[in-house]
Each structure stands twice: as C-alpha cells, then as structure tokens.
Amino acid sequence: MILGRIVGTVWATRKNPKLEDLKLAIVRPYFWYDPSHDVDHLIAVDQVGAQVGQDVLVCVGAPGRWVAGDYRCPIEASIMAIIDEVRIASESLSDGTPRFALRESFKPTTLQWTRGRT
Amino acid sequence: MMLGRVIGEVWATRRNPRFDNRKVLLVAPLERGDDGKLAPTGSVVVALDTVGADIGHTVAVAWGSGARAVFQPPDNRWVLADAAVARIVDAVTLGNDEEEQHLE
Numbered sequence: 000m001i002l003g004r005i006v007g008t009v010w011a012t013r014k015n016p017k018l019e020d021l022k023l024a025i026v027r028p029y030f031w032y033d034p035s036h037d038v039d040h041l042i043a044v045d046q047v048g049a050q051v052g053q054d055v056l057v058c059v060g061a062p063g064r065w066v067a068g069d070y071r072c073p074i075e076a077s078i079m080a081i082i083d084e085v086r087i088a089s090e091s092l093s094d095g096t097p098r099f100a101l102r103e104s105f106k107p108t109t110l111q112w113t114r115g116r117t
Numbered sequence: 000m001m002l003g004r005v006i007g008e009v010w011a012t013r014r015n016p017r018f019d020n021r022k023v024l025l026v027a028p029l030e031r032g033d034d035g036k037l038a039p040t041g042s043v044v045v046a047l048d049t050v051g052a053d054i055g056h057t058v059a060v061a062w063g064s065g066a067r068a069v070f071q072p073p074d075n076r077w078v079l080a081d082a083a084v085a086r087i088v089d090a091v092t093l094g095n096d097e098e099e100q101h102l103e
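Line by line, the protein sequences are chains A and B.
Heads up: the first sequence runs through residues 0 to 117, numbered per numbering that gives the first Met the number 0.
Heads up: the second sequence runs through residues 0 to 103, numbered per numbering that gives the first Met the number 0.
Since the hints were derived computationally from the structure, they do not count as laboratory data.
Values in this document were obtained by computation on a predicted structure and should not be read as measured data.
Idealized CB from N, CA, C, for every residue including glycine.
Treat each hint with caution, since some may be false.
As the list claims (entries may be wrong) - Stretches of chain B that chain A covers, calculated by requiring three or more beta carbons in the stretch to come under 8 angstroms of a beta carbon on chain A:
(1) 14-21
(2) 44-51
(3) 54-66
(4) 79-93
Chain B on its own, in the form it takes in the complex (with noise of 0.2 angstroms):
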C-alpha cells in the first residue's frame, strides 16, 4: 500500500466489463519530504475508487494483485484492476516529533 493525494478523475465510456463500473482516480504519490511534510513525489498513478474518494483526499492505494483483495469475493478475481484506493486517510503520524498530520 501507499500514500496519494485524488489529483484528478479519468472519464470513460467504452469499457471492458471486467471494469465494473467504478471510478477512476488519477492519485499522486506522497513521500515525507525534507522539511519532514508529505509532499508529492511527482508521478502519477491510476487507481480505482471502493471507498468515494474525491479530489483533494489523502487515500491509501493497493498495488497488484492486492488490489483485487480490495473487491470483495467473489468479485476479486473477475476485477480487472491493478490499483484501487482502498481506505480515505484522516491522520498520519511520522518520524518520532509523534505529531499528527491531520490531513484533508
């Protein structure tokens, strides 16, 4: 799993139905810069949404074949997808200051 940012929605009407209907997030990575923030790494991934995930949400994204454990059974085999935003993150806590980042 790691940390993004929603930074953006890809829209798409002719889909392959293994799909299954869901949004599609555009999510930046974020890693703990210098000054000890979150801050973007500058790539970007696409991810499918489980949660209602929304611009501007700090989420936690599954990779690979994690990503189908996201679906529920019997729907995570038949799921193509190797991204999804799994949960929405409220709060991080970094390094040993123990102080909370509350985010968006």
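Pulled out of the complex, with its shape left as it was, chain A reads as follows (with noise of 0.2 angstroms):
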C-alpha cells in the first residue's frame, strides 16, 4: 500500500458498467515502493467518502481491485482508509533528516515514538 493525498475527483457518464456507482478519486501518492513505478499521480475507486485534501491509504494493483467484489474490474488502485495519524520512530529520523524516500510535503504528525510503548 502507499500513502497519498487526494487532490481531486472524476466525474464520467459514460463508463464501463463495471464502474457504475464507483466515485473516483485522483490521490497524488506521498512514495513509491519501486523507484521504477513513480507516478505522479493515480485514480483510485473510493469508497470511504474521502474529501480533496485528505490524506488516505491506497492499496494498488490486483487486490484492490477485488473492492467491487468482482477481479473483473477496470480498477488499479483503490482507497482503504482515511489517514488520521502516522508515527515513525525517531531512530529512523537522524539528525532530523528522512533516511527514507518521504516527499517534502509529508510531514509525519508525531515522530516521536519509542518502543515498548504501550
């Protein structure tokens, strides 16, 4: 899964009838797992009810498009939760700078968090 945010949304009257009652959702992805997959941005199918700006969780490729119920589907990638709060460990930060591939624009909302915490 990847970490993105939704930057706006697709309005279609003609599509194909897989898609009726899919809202889609244009998500500008935060990383990419594969250097070689970086895209700029993705529509997802969205069924959480995310709004433009928010931040979501994004599951891609042939799992997400079971979330119609059927593989049969013209989906790649589609939104599994909208993000409250990602925690990182302070020793993955050193000296305050990411030692991982997070955009500029993602700022983790706590970094600070140490294990064995209950």
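Assembling the complex is the task here: the two chains are given apart, and the hints tell you how they should meet.
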C-alpha cells in the first residue's frame, strides 16, 4: 500500500458498466516503494467517502481490484482508509533528516515514538 | 517476499470495511550493503500486520496477490491488502561467511 493525498475527483457519464456507482478520486502519492513505478498521480476507487485534501491509504494492483466484489473490473487502485496520524520511530530519522524517501510535502504528525510504548 | 524493518505505524479511523481492523505498519525494506550488513534501502512500504509486529522488528513482507494468501480462507479474497507482514525474522545468514546476523 502507499500513502497519498487526494487532489481531485473524476466525473464520467459514459463509463464501463463495471464502474457504475463507484466514485473515483485522483491521488498524489507521497512515496513509492519502487522508483520504477513512480507516477505523479493515480486514479483510485473511493468507497470511504474521502474529500479533496485528505490523506489516504491506497491499495494498488490486483488486490485493489477486488473492492467491487469482482476481479473482472477495470480498477487498479482503491482507497482503504483516511489517515488520521502517521507515527515514525525517532531512531529512523537521523539529525532531523529522514533516511527514507519521503517527499518534502509529507510530514508525519508525530516523530517521537519509543519502542515499548503500551 | 522481502525483508524490512518496521519503522512506524499509520492510524486511521475511517476505513473500508474490507480493511479487517488490522494494524497498519510502515516498513523500510532492507538490502545487503557494502559492509555485508543489512541496511535500509531508503524507500518505505505500508503493510498490514498479521503477526503482532512492532516498531524495530525485522519482518518478512508478502507482496501483491501473495499478500492475500497470508490471510486465512475464506478471508483471503475479501481482505483489501497488497502487502502483509507474514512473519517476524529472528536471524538471517548472508553469503559465504555463514555468520548469522541476529536481528532484534
């Protein structure tokens, strides 16, 4: 899965019948696990009612195709959840510089988190 | 499957029902560095937890359609996940030195 922000919605009158009643959102990913897959934005099926500007968790590929209850759907990404908070262990961030490929626009809300927290 | 280290957690209240109420972990993939030790590659993946992994654990993550196989039938077709933590790794052996690297 990836994290991203919703930047827009897609409206279509004529579409594949498999896409009836599905809301489509344009998502801008914060990071990709594989640089060769890196794209500027993708279109995801939204079943949770996310709004423009909200951060979401997106499932990509074949598993995301199952949201409509059928794998024979022209879907390759779907929104799993609206994110409240991201917590990253402070030891993963050295000298305040993320060692991980987070884009500049992505700021985790809580950076201090020690292991063993109950 | 790939090796990774859990570095964080994602919190979400509003979820797709197919989410299955599982913990969502941020995992940093590990690769063998120049010194022969496992080191983070610099990217991040998000994976559902199935084994109770926590921050700092080294884990094996299953990908794509294989991630759904981590869940037990009949849930495996129902769960919406393209990455799942399949196990917590204790130690690995790399290359010819056959020296086990014990992981936290």
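How the hints compare with the structure:
1. 14-21: holds (count 4)
2. 44-51: holds (count 4)
3. 54-66: Our answer is that it holds, as 5 residues pass the Cβ test (under 8 angstroms) against chain A, meeting three.
4. 79-93: Coverage by chain A holds for the stretch 79-93 of chain B (4 residues, Cβ < 8 angstroms).
In terms of the numbered hints stated before, the structure departs from none.
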